[in-house]
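S.K.: Here are the chains, one letter per residue:
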Amino acid sequence: MNHDDTTAFTAPPASRRALLGLLAAGGVVASGLADIVPAHAAPLPLPAAAPDLAKGLKLKSSKYWHLARRVSAAPTKTLAKEIKKVGYTKWIDRQLKWKKIKDTKVDKLIKKHLSYATMTGAKVHKASKKQAWKAGKAMSVSRTIRQVFTKRPLYESMVDTMGDHLYVAADGKASEYVAWFDWAVLRKYALGSYASMLHAAVRHPALLLYTDNHVNSKDSPNENLGRELLELYTVGVGNYTEADVRNSALILTGHSVDWETRSYRYNPSQHHVGRVKVMGFSHPNASAKDGPAVLKAYLSYLARNRNTALHLARRLAVRYVGDSPSEALVKRLADVYLAEKTSLAAVMRSLLRSKEFAGSVGAKWKRPQETIATMVKLRKPSTVKPATTQAKNVWGITGTVQWLLHLESHQPRMWPVIDGYPDQATDWCSTQAMLAHWYSANALVNWGKDKEWPSKSWAGALGVKKGQPIAEVASSLTLTLTGYTWPAAHLAPVISRLRGNGSGSTLTADQLKHNLGRTLHFIFASPYFKLR
Amino acid sequence: MPNLDSTLRRGEALLHEDLITPLHDHEESRNRLLATVDGRTRVVTPAQANDLVGALRPNRRVDDPSVPHAATGPRLGRRSLFRGSLIGLGGLLAASAAPRYSFAAQTGGDLLVCVFLRGGFDGLAALGAVNDPAYAKARGSVGVGDGLALTSDYVLNPHFKALGEMWRANQLAIVVGAGHPGVSRSHFEDQDLCERAAKANLRSGWLGRHIASSSSESGTFRAITLGSRVVLSLTTTAHQSLAMSSIESFRLESAWNDGDRLVADLEALYGDAGGVLATQARATLGAVDRLKALRGKVKDGKSKPANGASYPDSAWGNGLKDVARLAKADLGLEVACIDYDGWDMHRDIGSPGDAKGQFSRLAKDFAQGLAAFRTDLGSRWNRVTVVTMSEFGRRVQVNGDGGTDHGHGNLMFLMGGGIKGGKVYGTMPKLTTANLVDGDVPITTDYRQPLAEIVGKRLKNDKLAEVFPGFSPGKPLGVA
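Protein chains in written order, with the numbering used here: chain G, 26 to 557; chain S, 244 to 723.
Next up, chain G with everything else stripped away, as it sits in the complex (with noise of 0.2 angstroms):
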């Protein structure tokens, strides 16, 4: 398929998509695939990996559509049009070159009200008044605000993912520490080299703390850090021995946090001096002084080891095409990824332009935080204007928004636990998080609107204007809304809530007052709109 043609196509459905699988395994050779092969004319063996997404729906859209869901946290119309008429490779090419998208809108937005998330921890200790956990629930509000107003959504969506990853909580050990380890750790590095990430990231106050590092000893080690950097950061469970954590820990021995200046210190009488190995890493570790460089020998080994590069093109293949990805495309990610000098971008360009994922559409489940995201964006709020400041009440900058996310169990970086929030449908589509999203949903629709996010009405937003015809508008919104073109049969009960019981062809203005908020509530709660 040519990835800037211009011609919308429709998502295969399952056997389809195990078609593609086979393609990317090299096993069947490609001719006609932009063909639409119906389910039965086409008996293929589903294999494990096949999507399982809404397989009764037949979803039809857009490439750009497709591409802006993905990578965007926030998709709309809007953005989908800028794909189509940039040029999708080009596009996915400019978004990949992030430092040379300006985004001073969002830049000033964090500067003004969550200036805490942007400083180091000293400074923001001293500007916070010895308050400096804050800073840590500035970071997460400031995520949503630049997921509202990015102009480099794809840059924004990977810094997310690597926060998944390199994962440090918002709140607890590290809370006064890991705002600014999501600006010098996560957002410096989510395009560029994971190996520099990794370095800055196992150097870093905020992980040090999180995983306990600050007291591993010579005389006391503590193997938590020690042990994630394998099963979470590197090369994963099963490649590696008890033996190897032990070893990994002592490793690490020394790399503490010095509290005065609240940043990181090296402490060489603490580090174990003795010969370490860890699988096929080996140094000699004479002296106390080499602590430093043993480190940094030591995660350069492990950011380029195969492991870690199937590691890491499985996470991002699981984020960005499939809850069960094919070995196949880990594969050729894990080999662009060492080929590439570990390079972010080089993977993500490679996995953004495979037909695994042209031919995933639908097959992932969206998350709270893209569907809030989504919502209120979709209202074109103007700017923030909070009601309160960072010192007061840092939840409350956003108005609803951070409660909202909270119900729904995904405010940014909140999650409790080490291995950073899951991604694929089965942990997000719970009985209870199916009612939680159409909870939110309502809030945002019915509730009338946040004063912190100067915005118009519904009706003005989305254009919507009494006189025009109902079956029309129930079209347009769908599609605005969702992505994807709705079916006739699914058009009905949206035509139906924009009705009431009125029997004209088009919209009054009683309509629109009473009708728009229960159809816009009914689509956002719609499978379409939370099919990513």
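Keep in mind the hints are simulated off the structure, nothing from the lab. Idealized CB from N, CA, C, for every residue including glycine.
So, partial list: chain S residues that the calculated Cβ filter (under 10 angstroms) puts toward chain G:
(1) THR463
(2) ILE467
(3) GLY470
(4) SER488
(5) GLY514
(6) HIS589
Partner residues are not named here, just some residues of chain S that face chain G (Cβ under 7 angstroms, in silico):
(7) GLU432
(8) SER471
(9) ARG472
(10) ALA486
(11) GLU496
(12) ASP515
(13) GLN523
Dock chain S against the given chain G, drawing on the hints supplied.
M.R.: Positioned in the frame of chain G, the structure of chain S alone reads:
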């Protein structure tokens, strides 16, 4: 046909949406079941529906990966039906279309409350081995010396004292040296391992398999997780169970003029999506309906625990209070899972003498919650079993920061009217270096042993090979 749901012997007939579609009407006498076979649709009686489903879809029970999945899956029947109904027969979809789940008939077993102590519970901080000098040496000031003397060998940390009455009534048992023999000391891997209790190619949990194998009922409230997502223990493709944060908050809010229609339209739309989305939406809407009824039974909207029970005001206390409320409402609750997070104490676990210590605070909350739960349930407690599990125990030797690192063997609490309590089961050797596994308590009792006894004796499910595949029970401990 007064009530479709209660007439159906096997509620899961309604789960086979491609075969059977219920059409509800404002006037109940006009309710219909439609069956679609080989592309033809006709009205059937509940008995015919049951027979049809029984013949075409024998209950798979567990998600055995060897069972092949159809390449295209069931979908056409219901969707084409709903197309028709939405365009032409919209009126047939009544406001009461939501509750499609049957209420479960009791399987005759206890209500099981499974508590997962996440983070790696430190059994050695809960239970002191008073006759073991190696314990005292390794644990020092954070070790348990005084407290509730359970046996001549073991003393319970004093912050669990609310459990004293349960112990004296022989309704609390402790198993020491318990765990999964394959633990790796990784939180995530080991939680996964313990909850799955089977090989990794089975994507289901032991309680999910228990629910699926003990009865073919599809009752919404057979199994619940108190929390935002279903725990792995309860996961199975054969039964979608409920996750809810609380009884009070589980309600569908909508615009003033949408209410009941929203329920019907969402169910139809998600039904068309099929698969897990259809099942989850149906379960959600069904539960919304039932819980609304449950809340409606309380006059001022506030439910009070019975028998003067006083729960701690914590997520844990409130969760147990809701479990008790559901149990008392006779909704057919068989399994309730509730997590207790926060036991990963690598630093400053605190000594038993310090009531404000990390471990002390959680221990007190834990014990008070369960004591209140027992009081609240009154005579129902006789038919309730509570088990605790955790991914691993912790290192015997306290680390340099007054905390403990990830370990191996651990203890389990078993409670309930039918538990043979007042006894410590299992064995733990003297904690001298030679007796330890990499510095950890050795696992001398497979945690599935006491669980299997509970599943068999208290939950009355004899299909242990399905619940714990690959595990052969040893000599019974005699806990239940």
